[in-house]
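Listed in order, the protein sequences are those of chains D and L.
So for the first sequence, the working numbering puts the first residue at 1; every next one is plus one.
So for the second sequence, the working numbering puts the first residue at 371; every next one is plus one.
Treat the hints with care, as some may be off.
Each pair of labels, with its calculated beta carbon distance range [as the list claims (entries may be wrong)]: (1) D:E20 with L:P887: 53 to 59 Å; (2) D:E241 with L:Q762: 25 to 31 Å; (3) L:G675 with D:R98: 56 to 62 Å; (4) D:V256 with L:D697: 20 to 26 Å; (5) L:R702 with D:V18: 35 to 41 Å; (6) D:E241 with L:G675: 30 to 36 Å; (7) D:E94 with L:E534: 28 to 34 Å.
Hints are computed from structural coordinates only; laboratory data are not their basis.
Beta carbons are placed, not taken as given, at the ideal position from N, Cα and C, and that holds for glycine.
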Amino acid sequence: MASTSAQSRTLTTLDRVVVEDIPALAAGAAIFGTGGGGAVYTAQRIVERELRAHGPVELVRADELTDDDAVIMMSGIGAPTVGIEMLLSNAQAEILLREAERVAGRRITALMPAEIGGSNGVSPIGWAARLGLKMLDADGMGRAFPEATMISPNVAGVPCDFAIQADVLGNVNVQKTVDLAWLERYARASTVAAGGIALGVHYLLTAQTAPGAVIAGTISRAIAVGHALLEADEPITAVAEELGADVLITGKIVDVERHTAGGFVRGSVTVAGTGTDRNRLQRIELQNENLVVLQDGEILASVPDLITIVDAETGHAISTEMLRFGQRVAVLAWACDPLWRTERGLELAGPPAFGYDLPYVPFERKGARS
Amino acid sequence: MMTSELSIGVDVGGTNTDAVVLSETGAVIAATKQSTTSDVIGGIRAAISTVLDAIGPQRDAVTRVMLGTTHATNAIVERRALARVAMIRLGAPAATEWPPLSGWPQDLAENVLAGAVMLGGGHLVDGTPITPLDRDGIRRFLDSLAGAFDAVAVAGIFSPLFPEQEREVDALIREHIGYDARVYLSQDIGPTGLIERENATALNAALHKVAGDVTKGLLAVVEEQGLNATTFFAQNDGTLMSLDYAEQFPVLTIGSGPANSIRGAAYLSGVQDAIVIDVGGTTSDLGVLVGGFPRESTMPREIGGVQTNFRMPDILSVGVGGGTIVDVASGRVGPGSVGYRIDTEALAFGGEVATLTDAALLGGAQLPGRALPELQRGTRDALTGALDVVEQRLEEAVERLSLGRMDLPLIVVGGGGFLVPDALGGASTTVLRPQHGDVANAVGAAISLAGGRADQIAAVEDREAAMQAASQAAIAKAIQAGADPLQVSVVEVLETPVPYTARPTVNIAAKAAGPLPHLSRAMQPTQ
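This is chain D alone, in the form it adopts within the complex (with noise of 0.2 Å):
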């Protein structure tokens, strides 16, 4: 008998975002941000103020979706460091728009995130809203990743035919790449020329494209994660039951070591745990996210499945430039998307495309632990 997996549950998909879900949005997309895609806060108070002027937005389904149809991937690509100092402007998103429709030749009628975990989960529902656009719901990863090629149509074999980004001022760049890689690597050097900071638009999906490309119905699920969080008296195992997740240890950080290598933060943290999970130690390994779960040498949980360290007490996200020694913390892992686990999504986001020389261990629920 096949165990219970994440994706078989029956999910309940909303049908609109209101001003009274941003909070439990903001929760949840930390949650999926498995410690990176950049703090929630500002993005969680400027799409609240949106939503309050531009009311709810319209959330559609990929199996939705009609012949009129054609939705685009909206995001901020930058440093969180500039991020909270530069805001952007409130022509940017419309810019893009514009832009993008132009080089499409059609109308688009959604946004969708890239990426569901951390920042970039929250604030498409605030541009969604001012620009009168519906959402669809889904993403791009089903969580949080670094890199430009880890997403879900170039898993799926869906080229990306056109990127576009805007700066503060106006000023936008059409990329058209031979492939995601060569895309990463202009639209990072636009963004430097942007002053550290932009929004791009990516991935037109059509009614024929979208379904099966894209991590379906997670602004639902992360809104729900974040209610359960915020709203149960055990938030960790509230969460854990709601993503499908095991709480691999509860613990003291008892160890945080960090260095910078070719730009990005590699590090490890350690917890031993405490209570029942007395005696026992776990190492996770980390970069902008969290990525191998080991104990005595096992692996217990590898990229791209989901690991998230959570406080112990509120059960909020901690991201991985706040981990400190000593925080009280709980350890949640829970199986990726299944198109993440095809030989084409380990290629692009297994562990060796992080450097690791580990294999992937597909992470298994074993259910709540006595």
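Got chain D sorted already, so can you dock chain L onto it with the hints?
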């Protein structure tokens, strides 16, 4: 006897105004606790005159008065005596998705905001101008308000890194509306993080009347008493600033109360790294002392509903205080408190309400001249149970703050310190109860250093030069705040990488601190 220089420390809290006199060698030679008055100054007057009476003829040797207060916080929370602010942001079209003061509670914004504008100016992270500075726009905006404002706040994108433009705008505004205009620049208030810095700058501008009231009041008391003393204010991070600096930047005093109690506890106990627990009438406030300074919070801080980036100590408040009410029927402890009415309402004071003070007395604590009346069995049981609850709550709080370090001593200060059991935190934890711990916050004000901070963003290969530049700027700010130029030193340098820049780049934040002149012998900045 040799003439020595004395310092007075004053702490104005919600309930009590405390004052101490410190000798040149740093010994507490007088201390008092007075009630805080609604006009603040009455309490300050009573406290200062009491300690002066206690030291008699030595009063002539008082050369410094340092004050810590929560007055600014209360003014924001109560929307009291706030000035009308014209807000100018430089950097449009960047950041126009979030107009100034967008996240403020409506009533506070209505109280404070005379008008806001987003104009050309500002810089990218690499120093490139975003748009040319819109000088005419600034003049037109000010004219459009027709004088219906008391102060101007200016926030330019990346001004902490490229400060010249805000300064130019300062001069431009004064030229246009008068040289005595009250203009506040965001570079003086906080580091990068536009929303928080802008909010703090606007709050600071709104507080200038309130700040003036306290600074003028303190000066008046010092004058009444015929003291030939310099006055200082304590700021959020446990350092001091001069009175004119405090009048200019009242927002920086907002967290000074908890910071003072942590620093005072460090000083009185002689310990540099510890957990400090300050037990008051309603709550116990716990903080962490790291190298003689309060550990600062990394969470966004809200004051009166406004998101800010104030340098605030990381404080954990627990509902355990001397006046905390024990419900005899249910055994519930708190959260209610009899507060300052403890001396009439608690059982040991002849009242009817069972409090944690009564529980401590039952448990064997000694309070001079106080004894419990005959108690019914139910009351005894409830009070005994309450002590277990106190121990458990405090133990949890200590554990949360200690972040796994079990070797930190615990310093107990505040009027309700007897509520903390000696065995808290297990046998390995040293519990220190320094003399004069009940006025640790006033001591903290008296011994604070003068400090300053500065940020720099630089390419990795230029980091040495940038560190030096940041350090020098921080030192200059510390001296401006009153530090002895011969004694000031850099106490902290933080480096964070900035991705998505043309070359590998780091953000460097430096903090400098030093003792006030003449106090150097008693107090050295901690490294």
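Taking the hints in turn, this is what the structure says about them:
1. D:E20 with L:P887: 53 to 59 Å: 57 Å, holds
2. D:E241 with L:Q762: 25 to 31 Å: 29 Å, holds
3. L:G675 with D:R98: 56 to 62 Å: 37 Å, violated
4. D:V256 with L:D697: 20 to 26 Å: Between D:V256 and L:D697, where Cβ atoms are some 43 Å apart, the hint is violated.
5. L:R702 with D:V18: 35 to 41 Å: 38 Å, holds
6. D:E241 with L:G675: 30 to 36 Å: 34 Å, holds
7. D:E94 with L:E534: 28 to 34 Å: Between D:E94 and L:E534, where Cβ atoms are some 33 Å apart, the hint holds.
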